[in-house]
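J.: Listed below are the residues making up each chain.
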Amino acid sequence: MRNKQGINVYSHFISRLSKKKPTSEPARHARRALQNVNHRSLSNTVLTLSVAFLFLPLAVTVIYSFNRAKGMVWNGFSLGWYQKLFFGSEKLWTSFGNSIIIAFASAGLSTALGTLAAIGVNWYRFRGRTYIQTISFLPMVLPEVIIGISMLIFFSAVNVPLGMLTIFIAHTTFCLPFVFLMVLARLDEFDFSIIEAAHDLGASEKQTLFRVIVPAIMPGILSGFMMAVTMSLEDFVITFFVSGPGSTTLPLYVFSMVRYGISPVINALSFVMILGTMFIAFLLRNFLKNIAASK
Amino acid sequence: MSRQKLLASRNYGIPYSFPMGIWFSLFFLLPIGIIITYSFMKKGLHGGVLWQPTLDAYAQMLNPSYGRLFIRTLQVTFISTVLSIAIALPCGYAMARSKMQTLLLFLIIIPFWTNSLIRINAWIAILGNEGFINETLRKIGLIHESLPLLYNQSAVILVLVYMYLPYAILPIFTAMDKFDFSLLEAARDLGATKPQSMFKVLLPNVRSGIVTAIIFTFIPIFGAYTVPLLVGGKDSYMIGNIVVDQVTKVRNWPLASAFSMIITVVSTAGVLWMMGTSAREAARSKAALGKQDGAL
Numbered sequence: 001m002r003n004k005q006g007i008n009v010y011s012h013f014i015s016r017l018s019k020k021k022p023t024s025e026p027a028r029h030a031r032r033a034l035q036n037v038n039h040r041s042l043s044n045t046v047l048t049l050s051v052a053f054l055f056l057p058l059a060v061t062v063i064y065s066f067n068r069a070k071g072m073v074w075n076g077f078s079l080g081w082y083q084k085l086f087f088g089s090e091k092l093w094t095s096f097g098n099s100i101i102i103a104f105a106s107a108g109l110s111t112a113l114g115t116l117a118a119i120g121v122n123w124y125r126f127r128g129r130t131y132i133q134t135i136s137f138l139p140m141v142l143p144e145v146i147i148g149i150s151m152l153i154f155f156s157a158v159n160v161p162l163g164m165l166t167i168f169i170a171h172t173t174f175c176l177p178f179v180f181l182m183v184l185a186r187l188d189e190f191d192f193s194i195i196e197a198a199h200d201l202g203a204s205e206k207q208t209l210f211r212v213i214v215p216a217i218m219p220g221i222l223s224g225f226m227m228a229v230t231m232s233l234e235d236f237v238i239t240f241f242v243s244g245p246g247s248t249t250l251p252l253y254v255f256s257m258v259r260y261g262i263s264p265v266i267n268a269l270s271f272v273m274i275l276g277t278m279f280i281a282f283l284l285r286n287f288l289k290n291i292a293a294s295k
Numbered sequence: 001m002s003r004q005k006l007l008a009s010r011n012y013g014i015p016y017s018f019p020m021g022i023w024f025s026l027f028f029l030l031p032i033g034i035i036i037t038y039s040f041m042k043k044g045l046h047g048g049v050l051w052q053p054t055l056d057a058y059a060q061m062l063n064p065s066y067g068r069l070f071i072r073t074l075q076v077t078f079i080s081t082v083l084s085i086a087i088a089l090p091c092g093y094a095m096a097r098s099k100m101q102t103l104l105l106f107l108i109i110i111p112f113w114t115n116s117l118i119r120i121n122a123w124i125a126i127l128g129n130e131g132f133i134n135e136t137l138r139k140i141g142l143i144h145e146s147l148p149l150l151y152n153q154s155a156v157i158l159v160l161v162y163m164y165l166p167y168a169i170l171p172i173f174t175a176m177d178k179f180d181f182s183l184l185e186a187a188r189d190l191g192a193t194k195p196q197s198m199f200k201v202l203l204p205n206v207r208s209g210i211v212t213a214i215i216f217t218f219i220p221i222f223g224a225y226t227v228p229l230l231v232g233g234k235d236s237y238m239i240g241n242i243v244v245d246q247v248t249k250v251r252n253w254p255l256a257s258a259f260s261m262i263i264t265v266v267s268t269a270g271v272l273w274m275m276g277t278s279a280r281e282a283a284r285s286k287a288a289l290g291k292q293d294g295a296l
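Residue numbers (this note's numbering), protein chains in the order written: chain A, 1 to 295; chain B, 1 to 296.
Do not rely on the hints blindly, as some may be mistaken.
[Said to hold, decoys possible] Simulated coverage check for chain B against chain A, where a stretch passes if three residues somewhere in it have a Cβ under 8 Å from a Cβ of chain A: (1) 25 to 34; (2) 119 to 130; (3) 266 to 273.
[As the list claims (entries may be wrong)] Calculated cross-link-like contacts (lysine-lysine; reagent style DSSO-like; alpha-carbon spacing at most 27 Å): (4) B:K249 / A:K91; (5) B:K99 / A:K289; (6) A:K70 / B:K139.
Since the hints were derived computationally from the structure, they do not count as laboratory data.
Glycine included, every Cβ here is placed at the ideal spot set by N, Cα and C.
With the hints as extra help, turn the sequences into a complete structure.
T.: If you want it as structure tokens, here you go:
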């Protein structure tokens with residue numbers, strides 16, 4: 001075996017000759033052994049910078065939410081904007097209430113529909129299976145503007161007044177594909193013989209569904225549900241088209257804040273919302289890989 | 001196998017999948033169908049359409065100003081997508097080889113899930129005339145007049161990359177995570193240079209992830225609305241903004257529908273390409289490994 005110094009000397013010698021193409025196999029090994037010290041450093045640097053890039057704007061808003069003054073000139077620490085957020089922004093909290101109602105309702109329905117469909121698609125081969133898979137994929141990739149506009153035109157064509165109901169329908173539609181994919185991913189890890197055992201032991205399809213399948217894939221269902229809640233709470237573009245008077249959601253309210261004059265209350269709100277996001281992501285920590293895969 | 005046996009005895013596929021299929025047909029396909037129909041109709045006076053088939057909307061689209069807008073949209077989309085993918089590739093690689101994957105995913109997903117308007121607002125607070133950068137530079141005396149960092153094309157591209165970078169990183173990470181990195185070692189042992197091992201071994205194996213990443217950045221950026229509206233100037237309007245203006249302000253629904261058609265056709269083509277790629281990929285790996293699993 002060569003000692004460390006030996007490799008150094010050797011590879012130094014090699015590197016001087018490295019312009020000459022054919023190098024012997026041990027020479028290549030030696031050179032790479034040396035390179036491995038800082039191997040992957042480029043990709044790690046890019047990753048670090050990217051994470052910094054993703055967090056920097058958020059950090060700036062959070063820091064300035066504690067600024068006493070209004071602008072971006074630091075003027076001393078204050079919790080004034082938080083006080084205004086929690087005690088002086090009634091409209092904001094009304095819109096938050098609307099958002100919560102819609103989020104849980106549409107997440108609930110999309111979880112129910114998506115879970116059933118995922119079970120069907122995962123275990124059975126039937127006519128229309130490809131249709132189901134394709135159709136569940138499209139809303140995920142079409143730009144939000146298109147989904148929003150098509151829904152707006154659809155609702156006005158069938159004379160449904162815009163409001164909470166139309167937002168609920170639209171949110172269920174764009175949450176469904178994600179729940180479907182999350183549950184599908186969970187089903188892939190599922191041991192199919194359990195179902196067979198249940199059937200062999202005389203369980204009906206309904207009993208199998210509620211006593212065996214659903215409990216077994218509960219983590220997948222719950223994470224799908226939480227993701228649907230997050231996406232519904234987050235959506236602005238689609239909601240923008242299908243909302244009517246009196247159905248302002250939180251993102252719509254934030255939009256009007258951003259568009260028509262920035263109040264630092266929005267910085268305070270940002271911090272609260274980032275904390276909320278972190279909380280949800282923490283709840284879903286075991287499913288982050290599935291979430292990444294469904295994107 | 002047990003699966004086949006069950007398939008033979010009873011098949012509940014349709015009743016299970018039926019509700020979701022109906023929902024999508026009613027609230028996704030039908031609205032898209034209506035848009036397609038409307039794009040061939042005559043414009044109504046106050047929104048809506050008159051039921052007279054015409055190609056007016058498509059003729060209006062031939063207006064050169066729309067042509068310029070379309071090209072600019074493609075340019076911005078192309079630049080932002082290429083930047084996102086170029087950044088996402090090393091990121092996905094580093095994440096896949098990292099021992100702290102959950103933490104890193106957490107770090108990528110948090111900004112990703114934070115409300116998009118909150119993130120746009122953060123950039124306005126940083127780049128604006130009275131924003132963080134300008135105020136800081138003024139304070140240390142480097143500038144007196146504000147730098148015009150916001151409301152231009154570069155700001156739009158910067159913020160678009162910021163918004164859609166996670167969309168690019170996540171699928172690339174997923175694909176790289178499944179890659180067997182000892183193959184890289186093998187390639188190097190067999191005499192490949194580092195770039196060779198990357199381009200000839202790693203990238204072809206994560207191709208489906210890269211395609212997914214391109215689709216998930218290109219399509220939403222192509223239809224972007226909020227970012228050009230809030231951080232762009234009048235000259236950085238994109239096709240999404242025109243569509244929305246046609247719907248809400250001008251109320252020319254056939255024209256808006258025709259524009260939507262274009263975006264939909266471009267997106268659907270992308271999806272078909274992606275599904276084709278993953279199907280081919282699946283077929284190839286199935287042939288290679290003799291594995292039997294057709295699930296998506």
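J.: Now tell me if each hint is right for this structure.
T.: Evaluated hints:
1. 25 to 34: holds (count 8)
2. 119 to 130: Our answer is that it holds, as 10 residues pass the Cβ test (under 8 Å) against chain A, meeting three.
3. 266 to 273: holds (count 4)
4. B:K249 / A:K91: holds (26 Å)
5. B:K99 / A:K289: Distance of about 14 Å is within 27 Å: holds.
6. A:K70 / B:K139: With Cα atoms ~17 Å apart, K70 of chain A and K139 of chain B stay inside 27 Å; holds.
Figure legend: structure checked against the earlier numbered hints; every hint is met.
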